[in-house]
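Participant: Taken in order, these protein sequences are the chains called A and B.
The working numbering applies: residue 18 is where the first sequence begins, and numbers increase by one.
The working numbering applies: residue 352 is where the second sequence begins, and numbers increase by one.
Quick caveat, the hints were computed from the structure, so don't treat them as lab data.
These numbers come from a predicted model, not from an experiment.
Don't take every hint at face value.
Far from chain B by the CB rule (all over 10 angstroms, computed), these chain A residues [to be verified]:
| hint | residue |
| --- | --- |
| 1 | Glu-75 |
| 2 | Thr-95 |
| 3 | Val-149 |
| 4 | Lys-177 |
As a list, the in silico DSS-like pairs of lysine-lysine whose alpha-carbon atoms are at most 25 angstroms apart [as the list claims (entries may be wrong)]:
| hint | chain 1 | residue 1 | chain 2 | residue 2 |
| --- | --- | --- | --- | --- |
| 5 | A | Lys-81 | A | Lys-56 |
| 6 | B | Lys-646 | A | Lys-166 |
| 7 | B | Lys-498 | A | Lys-247 |
| 8 | B | Lys-467 | A | Lys-177 |
| 9 | A | Lys-146 | B | Lys-646 |
Which stretches of chain A does chain B cover? Using the computed rule of at least three CB atoms under 8 angstroms from a CB of chain B, they are [stated by the list, open to error]:
| hint | region |
| --- | --- |
| 10 | 216 to 229 |
| 11 | 255 to 264 |
Yeah, the Cβ is synthetic: ideal placement off N, Cα and C, and Gly gets one too.
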Amino acid sequence: MNTKIFTRIKKLAGGMLFGAILLTTLGLLLPTTVSAQKKMIQIKGSDTMVNLVQILAEEYMSKKPGTAIAVLGGGSGTGITALINGTCDVANHSREWKDRELDLAYEKGVRPRIFAIAVDALSIIVNDKNAVETLTMEQVGAIFRGEIKNWKAVGGPEMKISLYGRQSNSGTYAFLQEHVLNNKNYSPDVKEMNGNAQIIEAVTQDAAGIGYVGVGYLYDKKGEVRKGIKVLKIKKDENAPAYSPLDKEAVYSARYAISRPLYQSTNGKPSPAVADFIRFVLSPEGQSIVEKEGFFKVGKDLMEQNEKNLR
Amino acid sequence: MTSVKKKGILGDIKESLIKTLFQTSGMLAIIALMGIFALLLYTSVPAFKEIRLKEFLTSTRWDPTSPEKPEYGILAMIASSIMVTTGALLIAFPLGVAVAAYLSDLASPRVREILKPVIELLAAIPSVVVGFIGITITGPLISTIFKLNHGLTALNGSILLAIMALPTIISISEDSLRAVPLSYTEASLALGANRWQTLIRVKIPAAISGIVASLMLGLGRAVGETMTVLMATGNARAFPRGFLQSVRTLTATIAIELGEVPYYTTHYYALFALGLVLFILAFSVNLTADIILEKQRTKLQ
Chain A
18 MNTKIFTRIK KLAGGMLFGA ILLTTLGLLL PTTVSAQKKM IQIKGSDTMV NLVQILAEEY
78 MSKKPGTAIA VLGGGSGTGI TALINGTCDV ANHSREWKDR ELDLAYEKGV RPRIFAIAVD
138 ALSIIVNDKN AVETLTMEQV GAIFRGEIKN WKAVGGPEMK ISLYGRQSNS GTYAFLQEHV
198 LNNKNYSPDV KEMNGNAQII EAVTQDAAGI GYVGVGYLYD KKGEVRKGIK VLKIKKDENA
258 PAYSPLDKEA VYSARYAISR PLYQSTNGKP SPAVADFIRF VLSPEGQSIV EKEGFFKVGK
318 DLMEQNEKNL R
Chain B
352 MTSVKKKGIL GDIKESLIKT LFQTSGMLAI IALMGIFALL LYTSVPAFKE IRLKEFLTST
412 RWDPTSPEKP EYGILAMIAS SIMVTTGALL IAFPLGVAVA AYLSDLASPR VREILKPVIE
472 LLAAIPSVVV GFIGITITGP LISTIFKLNH GLTALNGSIL LAIMALPTII SISEDSLRAV
532 PLSYTEASLA LGANRWQTLI RVKIPAAISG IVASLMLGLG RAVGETMTVL MATGNARAFP
592 RGFLQSVRTL TATIAIELGE VPYYTTHYYA LFALGLVLFI LAFSVNLTAD IILEKQRTKL
652 Q
């Protein structure tokens, strides 16, 4: 009886040892064989940008099969941290670098070069049963700071406002905090969701909900605005006219108040493979994909800056 | 069974080699545990250069990336963690012990043979899947039942963690109920007690330390669970004011923030301090469970 068990254990241990050796050898072999054939580009960062960059990468890879591009999300902060720590080639970020991050980068010998690859209109969404149509920038800030607690105060129904937002590693979180909340704290009652899609899902179910998402996430596969949500029009101040982020003209002309460039950063001058990918993204073809995904093209000034950074 | 086959010098060497191998593997667990503890301690100490220990333990505001003033109070998160876990055990414990009693006393061997493996399979569901169920099924259910705007609440987390803790509680409770010597049951029945009385007054008291240990192990599982609570409880930072509020636990905070934090900053060290608090919490729970289990083992011998 005992010996039987012992043989079983021995066999099991032997099997596990063999498996471990096999895995290690595979692990050692794989990266070398892959990199010998293909140029690898690791891209990491903004959750707002991950779908867009994924599609751009797929399109690029179908043209240039010699390059393999991996796109990961995780948030702008995650991407920038990864670039500083040398664990990715390109960081996607939907906010600018913080001074602290720049200091850290320079300390470690990382010299970021920043490219604006698209423009996003940050959209404020509510449930489609909500009567509210427009808010001013100040009201949006006050709602997310937790100063306005009831929809009644902004012309809606008598209902406690239920806040949805992103987590602090999100560029969207940081952008809204800086530009709309005027660098004040978020209300501690904001429910922090994992990504844009989760916020949309939550606001669809919550009649009192309000959330913020990148404009690209507003559309479904058919290119129509998703059901169950309403995209609010935003006024710069009480007397200004209200504009919707769905109105392309308003975003191009910067009349829609909460728009921002979306960036990619590299460490120093991009390597030939990375530079070629970024050129593709900035080309008219790449920019038309940007538009198709619901974001906006990069303007002339930013484009000139990009050209300089590529050289 | 004793083998008298000569193995020679080679066999001796082989034997001692195998012995050392197994000994080191045994020690490895201890080394890993000590190593993790030392690392957590070493990495969390620098946090207290800038954070006052009193603020860390008693403030309810956690906002390390605040542009106004970074705040590092963990009380709200500890309360949330304790609340979600306690809620989970309030649901899982009575249910688990009832199922264990059914399996050990009432179920026919055939039913037990099917039911027990199935219950143990519950433990094999990945936590991400449980979290997904929380978002799509139990969350909306809670919001309908309690007429809330959303179901991402502490209660949601508790229900899901209860599901995850059930296999541990059922399995160990059932084992310890069955370990109660048959003579106890026979004596009780012979004295005229019915089966219910025997179960409640004889078997459960006799197995109580095993049942309590199952509770503690379930607790250990629940307190460290991350993905499920991260997905299902809404992660609002405010101090929890009830089971129908969104809460943010210690584990969720670490999972959310460690990915983005710049290395070697106060925020980074503070997250390790959170990890240390969590480690101490889970460690003491598991240690208590072990001590209780050991007590039962000696008692029944």
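Participant: All hints, please: hold or fail.
Facilitator: Now for the hints, and whether the structure bears them out:
1. Glu-75: holds (25 angstroms)
2. Thr-95: violated (5 angstroms)
3. Val-149: Holds: least Cβ distance 15 angstroms, greater than 10 angstroms.
4. Lys-177: Given a closest Cβ separation of 8 angstroms, the condition is violated.
5. A:Lys-81 with A:Lys-56: holds (10 angstroms)
6. B:Lys-646 with A:Lys-166: violated (54 angstroms)
7. B:Lys-498 with A:Lys-247: holds (22 angstroms)
8. B:Lys-467 with A:Lys-177: Violated, at roughly 46 angstroms.
9. A:Lys-146 with B:Lys-646: violated (60 angstroms)
10. 216 to 229: holds (count 7)
11. 255 to 264: violated (count 0)
Checked against the numbered hints above, the structure breaks hints 2, 4, 6, 8, 9 and 11 and satisfies the rest.
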